[in-house]
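Participant: Here the structure of chain B is known, so what remains is to put chain Y in place on it, guided by the hints.
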Amino acid sequence: MTAALVLRAVIGAALVAYVLSGVADFGAGVWDLLARGRLAERQRAAIAHAIAPIWEANHIWLILVVVLAFTGFPVAFAVVATALHIPIAMALVGVVLRGAAFTFRAYGLQRSDLRARWGWVFAWSSVVTPICLGLVVGGMSSDAIEVEGGRVVSGYLAGWTSPFAWGVGALTLACAALLAAVYLAADLDDDAELQAAFRRRAMICEVITGACALVVALLAARDSPRLWDALLAGPWALGVHVAAFAAATTTLWALLTRRFALARVTVGLQVAAVVVGWGVASGDDLVLGAVPLYAAGVVPHVVEPVLWTLAASGVVLVPALFWLLRVFKSRRASTDEPAPEA
Amino acid sequence: MDDLLAARSQMAISLGFHILFAIAGMAMPVLMALAQWRHLATGDAAWRDLARRWAKGTAILFAVGAVSGTVLSFELGLLWPEFMRHAGPIIGMPFSLEGVAFFLEAIFLGLFLYGEGRISPRAHLLCGVAVAVSGTASAVFVTAVNAWMNEPSGFAVVDGVVTDIDPWATLRSGAFATQATHVVLGAYAAVAFVAMGIHAVALRRVPDDRMHRHAFTLALGMALVTTPLQILSGDLSAKHIAEHQPLKLAAAEGLFATTRGAPIALGGWPDAESRTMTGAIEVPLVLSVLATGDPDGEVVGLDSAPPEMWPPLGVVHLAFDVMVGCGSAMLAFVLWGAVVWFRSRVPGRPAPWAHRRLLFAAMLASPLGVIAIEAGWTVTEVGRQPWVVHGFLRTADAVTPMPNVVFTLVGFTSLFAVLGVVVVMLLRNLVRSSLPRGRR
Chain B
410 MTAALVLRAV IGAALVAYVL SGVADFGAGV WDLLARGRLA ERQRAAIAHA
460 IAPIWEANHI WLILVVVLAF TGFPVAFAVV ATALHIPIAM ALVGVVLRGA
510 AFTFRAYGLQ RSDLRARWGW VFAWSSVVTP ICLGLVVGGM SSDAIEVEGG
560 RVVSGYLAGW TSPFAWGVGA LTLACAALLA AVYLAADLDD DAELQAAFRR
610 RAMICEVITG ACALVVALLA ARDSPRLWDA LLAGPWALGV HVAAFAAATT
660 TLWALLTRRF ALARVTVGLQ VAAVVVGWGV ASGDDLVLGA VPLYAAGVVP
710 HVVEPVLWTL AASGVVLVPA LFWLLRVFKS RRASTDEPAP EA
Chain Y
341 MDDLLAARSQ MAISLGFHIL FAIAGMAMPV LMALAQWRHL ATGDAAWRDL
391 ARRWAKGTAI LFAVGAVSGT VLSFELGLLW PEFMRHAGPI IGMPFSLEGV
441 AFFLEAIFLG LFLYGEGRIS PRAHLLCGVA VAVSGTASAV FVTAVNAWMN
491 EPSGFAVVDG VVTDIDPWAT LRSGAFATQA THVVLGAYAA VAFVAMGIHA
541 VALRRVPDDR MHRHAFTLAL GMALVTTPLQ ILSGDLSAKH IAEHQPLKLA
591 AAEGLFATTR GAPIALGGWP DAESRTMTGA IEVPLVLSVL ATGDPDGEVV
641 GLDSAPPEMW PPLGVVHLAF DVMVGCGSAM LAFVLWGAVV WFRSRVPGRP
691 APWAHRRLLF AAMLASPLGV IAIEAGWTVT EVGRQPWVVH GFLRTADAVT
741 PMPNVVFTLV GFTSLFAVLG VVVVMLLRNL VRSSLPRGRR
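Residue numbers (this note's numbering), protein chains in the order written: chain B, 410 to 751; chain Y, 341 to 780.
Chain B with its partners taken away, still in its complex shape:
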């Protein structure tokens, strides 16, 4: 069991990293879509500038999550891939369109009206994809997927079509938009007007995210009583709720008082607390009510060397990732960088 628990923690950490980086990139696409009025083009340029050098690296956390999932929990992976085939396929279409459209727009080589159309595809797929990812997560926690003898018997619509799962989809989208707004506000030190715009958006988003979280909890009471019980009474529940609430309040206060560097940290903690809360509320199950951790197919003597190998590769990976972020996300860097010329 130790290997299973450690692996679950590592997958959880990779998932948090993906949400804080890759999902936040989707949020940037949401703000591209919602850019209106006089500042719209400047906002879009700032968004493109912020994510261009890093989105591909951010995106790879998702691949790591998938690979670790099928390596360590092959039974759970097969169940999820079967029962939630439809929302996963929809999310994949979104992933493909988002990445391709962003690149097609960034590298020009086309008339500006065509580039604008790719911008539109990028923005809309950035909205749809986090909702679909949320549907997958919601489906896994819906207590509606049924497995008999290792085979899914609840069909292909169970779980992800419930109002609860769509609530999780909305919450995921809200978290994405919130993260992106705070990051952009923190990045745009050199443009007070844009910074103010994203600060306002971040504060509105913080309120919406809180509301979404509340609605999801109430929908869980109706659609997934087992999750609701765990959220109320699970051994870690109170701590996670307090952590999320404290981080959210601090983020709002930091935004109000223009402490952007602090807001960037606390918003990350807030969203991480939501992901961790989902994990601990699932208790001993990987797919709630269907695949317990002990039956997920863990082979300890496979998981252990894989985790050690990943840990060893961190010696190269972590410094490289820090270097990337330092070059493109440090104060000094955010001054002038010509976008790749058309």
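No lab work stands behind these hints, which were simulated from the structure alone. Please read these numbers as outputs of a predicted model, since none were measured by experiment. Just to be clear, a hint being listed does not mean it is correct.
[To be verified] Taking beta-carbon pairs under 8 Å as the criterion, some of the chain B residues facing chain Y (in silico):
1. 411
2. 475
3. 516
4. 563
5. 658
6. 715
7. 724
8. 727
9. 729
10. 730
[Stated by the list, open to error] From the structure, some residues in chain B lie toward chain Y, with a derived Cβ separation under 7 Å:
11. 469
12. 480
13. 491
14. 641
15. 642
16. 714
[Unchecked claim] Output of the computed footprint for chain Y on chain B, the stretches with three or more beta carbons under 8 Å from beta carbons of chain Y:
17. 457-467
18. 697-706
Ideal placement from N, C-alpha and C gives every residue a C-beta, glycine not left out.
Facilitator: Using the frame of chain B, we list chain Y on its own:
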């Protein structure tokens, strides 16, 4: 269309699409880093322009490769959940290593594309080298998985349950060394040929352009090194397959009866009913030499297994002939290119980039490597049927129970078709923008 065929088609189309971008992700960074190195070494601005243009092309191809690769990592589960249920832990190690390599490639590509002027020229060049190394490494790790599917080892099946898994089994698979070498060299040669073709088109319009001259010369150099080595590695692969996957080779050659001194069959169509080849040109003894190194060597035929264990014969044979045909044409081209290059040292003889007939041939030869790769992929995948894990798990038993797979097949195929058209259009515009107005 039944669901199994739809699932197989979707996997084939996804892989066939992704592989184009995967080979670009391996080989373009090598060209890009070499051009950047020449720029730093010589100070020639044309090399810098070339490195930037190749980097831009790499960025577009890499992005589409990254997202189509993500689709594939999920499709393993979406389409083949039973395969993943059993094989997930076995293929976890190479896929984890591939994930790390891919992560490094994305990080260093970001630094190379956007970092010029922000990091030192030497660090910038090293980032380009790191992209090339990690891109090739990730392809090697993925190939380990495929090699294991062809020649599974490192586990036991007890009462239908997979046990005794060796996490390093894929990297110890007998087919790994030959297959990985064949994939890597094939990617370098194919991309070199595409690059040669593109810059040959440009050179026929602007013969004086230094950037295109550099580009053509570098790509020709890469093709010169990799193509002959690829033919050698193909020979090693054939010998390995003859020993370990004899039915695949028998299907590729339409060899129905186990034969000593077997002939090679060029063209023609195998007929499974009558167990004959129709319309093939048979060259005596060559297959025995290729498979065993001995003109009298015995080559195992299809009669060693019942017909329901045979892969689809026509497809595998056609794909094999296409691959070998393309490879031979590529070898002929690079030999001629080498002669032209060697002779250009004599005063009065044209350099390769000024040799108009060579440029014309390079245009025609441009897609050969890519076609060979798609055909080779078809040989190895279709040639393994009806198995997904050779000898252990049938493709039909691995497929998802999900009905109406044809819908996702149509969806993803249309999506990839649109992306393919757009990428071609963007790359064409990238080339055109390097030509003076009026010559586009």
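Participant: Now tell me, hint by hint, if it's right for this structure.
Facilitator: Hints, verified against the model:
1. The criterion of a C-beta within 8 Å of any C-beta in chain Y is not met by residue 411/B, whose closest approach is roughly 16 Å, and the hint is violated.
2. Residue-level restraint check for residue 475/B holds (minimum Cβ-Cβ distance to chain Y is 5 Å; threshold 8 Å).
3. Because the beta carbon of residue 516/B sits about 6 Å from the nearest beta carbon in chain Y, less than 8 Å, this interface hint is met.
4. The interface hint given for residue 563/B is violated, since its Cβ lies 12 Å from the closest Cβ of chain Y, which is over the 8 Å cut-off.
5. Below 8 Å, beta-carbon pairs count as interface contacts, and residue 658/B has none with chain Y, the closest being about 35 Å; its hint is therefore violated.
6. Look at residue 715/B: its Cβ gets to within about 5 Å of chain Y, closer than 8 Å, so that hint holds up.
7. At its closest, the beta carbon of residue 724/B sits 11 Å from a beta carbon of chain Y; the interface hint therefore is violated under the 8 Å criterion.
8. Using the Cβ-Cβ criterion of 8 Å, the hint placing residue 727/B at the interface with chain Y is not satisfied: the shortest such distance is roughly 10 Å.
9. Below 8 Å, beta-carbon pairs count as interface contacts, and residue 729/B has one with chain Y at about 5 Å; its hint therefore holds.
10. Because the closest C-beta pair between residue 730/B and chain Y is about 6 Å apart, less than 8 Å, the hint holds.
11. Satisfaction of the interface hint for residue 469/B is found here, the shortest Cβ-Cβ separation to chain Y being roughly 5 Å, below the 7 Å cut-off.
12. Because the smallest distance between the Cβ of residue 480/B and any Cβ of chain Y comes to about 3 Å, under 7 Å, the interface hint for this residue holds.
13. Nearest Cβ of chain Y to the Cβ of residue 491/B: about 5 Å, under the 7 Å cut. The hint holds.
14. The interface hint given for residue 641/B is broken, as the beta carbon of that residue sits about 33 Å from the closest beta carbon of chain Y, more than 7 Å.
15. With a least beta-carbon distance of about 33 Å to chain Y, the hint placing residue 642/B at the interface is violated under the 7 Å criterion.
16. The interface hint given for residue 714/B holds, since its Cβ lies 5 Å from the closest Cβ of chain Y, which is under the 7 Å cut-off.
17. Counting residues of the segment 457-467 of chain B whose beta carbon lies closer than 8 Å to any beta carbon of chain Y gives 5, which reaches the threshold of three, so the coverage claim holds.
18. Coverage of the segment 697-706 of chain B by chain Y is violated in this model, with 1 residues showing a Cβ closer than 8 Å to a Cβ of that chain against a need of three.
Hint compliance for this structure: hints 1, 4, 5, 7, 8, 14, 15 and 18 are not met, and every other hint is.
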